[in-house]
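K.L.:
As a plain string of letters, each chain reads:
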Amino acid sequence: MDPIRESLLKVSHQAKLERRGRLLGLFCISLIVLVVAAIFYFVASHGLATFYHDKINLWDFLTKQAWNPGTKDSHGVPAVGALPMIVGSFLVTIFAALVATPFAIGAAIFMTEISPRRGMQILKPVTELLVGIPSVVYGFIGLTVVVPVIRQLFGGTGFGILAGTFVLFVMILPTVTSMSVDALQAVPRYYREASLALGATRWQTIYKVVLRSATPGLLTAIVFGMARAFGEALAVQMVIGNAALMPHNLVSPASTLTSILTMGIGNTIMGSLENNALWSLALILLLMSLVFNLLIRLIGRKGAMKS
Amino acid sequence: MGGLAVKKRILLIVTLLLSLITLTACQSSADRGESITIVGSSALQPLVEAAGEQYGSEHLGKFINVQGGGSGTGLSQIQEGAVAIGNSDVYAEEKRGIKADQLVDHRVAVVGITPVINKKVGVTDLSFAQLKAIFTGQVTNWREVGGHNLPIILVNRAQGSGTRVTFEKWVLRGAQAKQAQEQESTGMVRQIVATTPGAISYMAFSYVDKTVATINVAGVAPTEHNVTTNRWQIWSYEHMYTNGQPKGLTKDFIKYMYSDTIQEKMLPQLGYIPVGRMQIERNLNGQVTVPK
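Line by line, the protein sequences are chains S and C.
So the mapping is simple: the working numbering equals the position in the first sequence, first residue as 1, plus 23.
So the mapping is simple: the working numbering equals the position in the second sequence, first residue as 1, plus 1358.
Only chain S is shown next, with the shape it has when bound in the complex (with noise of 0.2 Å):
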């Protein structure tokens, strides 16, 4: 037979080879998708036992502020009222973004319009640097520094939202300001230098032109920290004391929903109502990330509808 005809109608190597990846790219893909729906699958039957199984009223769960699954109450209801888990968590998380993106906004500032050789020099190392220090030394370090200097100056134990706040802060810096960077870094050379042009002063191009181009990565950053701060369990859980207490300040111990989880769920059965509650924590925790995860989505795309 003619070799070209045969080579025409033959399936190619390269076209064997292209189906083979597909279908390997198919395998990993499909793979990573039921772990992801396995892990939802196994976290909600398990936290939503709670109220099917246990008869625990979702809004009492949400609101109540009385945590002790083993004990019940004065109606004869188990006290699970997972209301100052889920405060101080919101709290710490929303502080420590507070307090964390001003700093890291500035500092992307430095390291790509005012002095990037020295900021990528320096200051970029540093911070990569600062992402990879387990959170366990965060932790350390609140206790052994951060906790005494909070007590010596504002008294009480020196445990509580302030201290986790602080840890926090300094744990999701880095990824917000490497974002950041990113984020402006991504704003055309032309924009720039079109302000310029019209004689606008660095300040004026910093703050009117580059900042505003980038503010849906610049959200997106902050997102990011956060959600990371919400579901970051140990450094917090070293320092925020872990009471399960409606937080009345600043210094007095409080409680996250990760550290009550990480700190009960070795002492529970499972398949009680101690275990169960532990299980709606999570869900509680994976629909957060969930989201915080929708909430980068959304904001992508109204950016990208913008430019």
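Derived from the structure by calculation, the hints contain no laboratory data.
Bear in mind that the values here come from a model prediction, so they are computed numbers and not experimental data.
Among the hints, erroneous ones may be present.
To be verified - Under 10 Å between C-beta atoms, here's a sample of chain S residues computed to sit facing chain C:
1) GLY93
2) GLY181
3) ILE288
Unchecked claim - Covered stretches of chain C, going by a simulated chain S footprint (3 or more residues, C-beta under 8 Å):
4) 1428–1436
5) 1450–1462
6) 1509–1517
7) 1533–1546
8) 1549–1562
All C-beta atoms in this analysis are idealised placements derived from N, C-alpha and C, irrespective of residue type, glycine included.
Chain C: place on chain S using the hints.
P.N.:
Here is chain C on its own, set in the frame of chain S:
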């Protein structure tokens, strides 16, 4: 060209298969012995780990894997049959959700638990009533129980922790503890009590060091001798639970735990009290009997 690539690939697969076979062969010959896994109580973990290591070095090819995870983990894992032994600080009957009738209890050690306070509190002796009032939140300043004018800061272990369950069982006697800060580990508790003025908590005797102060309860000092006579009441057995009667390596290892090398040498070194030294016996309901 194509033929060569195919040949190469076949060669590669054959090599991989061969090495896999040799590897598994190697493993099975080295693993001829057995291994068992023990999980649970972090209070008992150091002892079982040390004993397991010693056992492994004395009996070649036998491996004892020891993991922590807490008493709850130990009990639920042994109930499911996932491990050979589940360690617990509390009786299986005391944990809800555990069917204790299938489990066999091996009490290998006794642990005394003492209240510890920050050194600046200025209290050396408390009655059970005072201790209860402190942990339920009725007393909030050390002045009210004879100490300095300092607010009382409670530090608890995590809910369901064996140490906490034992302490609350014998001190609070059913009363509800005041909601206060909780810590996951005894090491953390010790550090906080040592550095926070007015702090009080509780821990096993073996963890007490110079940085914290112990107190006498109702005139009785927290010593090993007082535990063996039950004059010091805040103590618990350390349980190793098996699902049904132990067999094989599990049985041998539990026997080893009761041997003199472990009970008389290793236990006192690590701060546990050998069960053999107990002059009394205490059952699940707290009834004390004197064995013959």
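K.L.:
All hints are to be evaluated individually against the structure, with a verdict given for each.
P.N.:
Evaluated hints:
Hint on GLY93/S holds. Least Cβ distance to chain C is approximately 6 Å, under the 10 Å limit. Interface hint at GLY181/S: satisfied, since its Cβ lies 7 Å from the closest Cβ of chain C, which is below the 10 Å cut-off. Interface hint status for ILE288/S: upheld, as the beta-carbon distance to the closest one in chain C is roughly 8 Å, under 10 Å. Against chain S, the region 1428–1436 of chain C contributes 6 residues with a C-beta closer than 8 Å to a partner C-beta. That satisfies the three-residue criterion, and the hint holds.
A stretch counts as covered by a chain when three or more of its residues have a beta carbon under 8 Å from one of that chain; for the region 1450–1462 of chain C and chain S the count is 4, and the coverage holds. Residue count for the region 1509–1517 of chain C with a Cβ under 8 Å from a Cβ of chain S: 3. That meets the three needed, and the coverage hint holds. Against chain S, the region 1533–1546 of chain C contributes 8 residues with a C-beta closer than 8 Å to a partner C-beta. That satisfies the three-residue criterion, and the hint holds. As drawn, the region 1549–1562 of chain C meets chain S at 5 residues by the rule of a beta-carbon pair under 8 Å; at three or more, the given contact holds.
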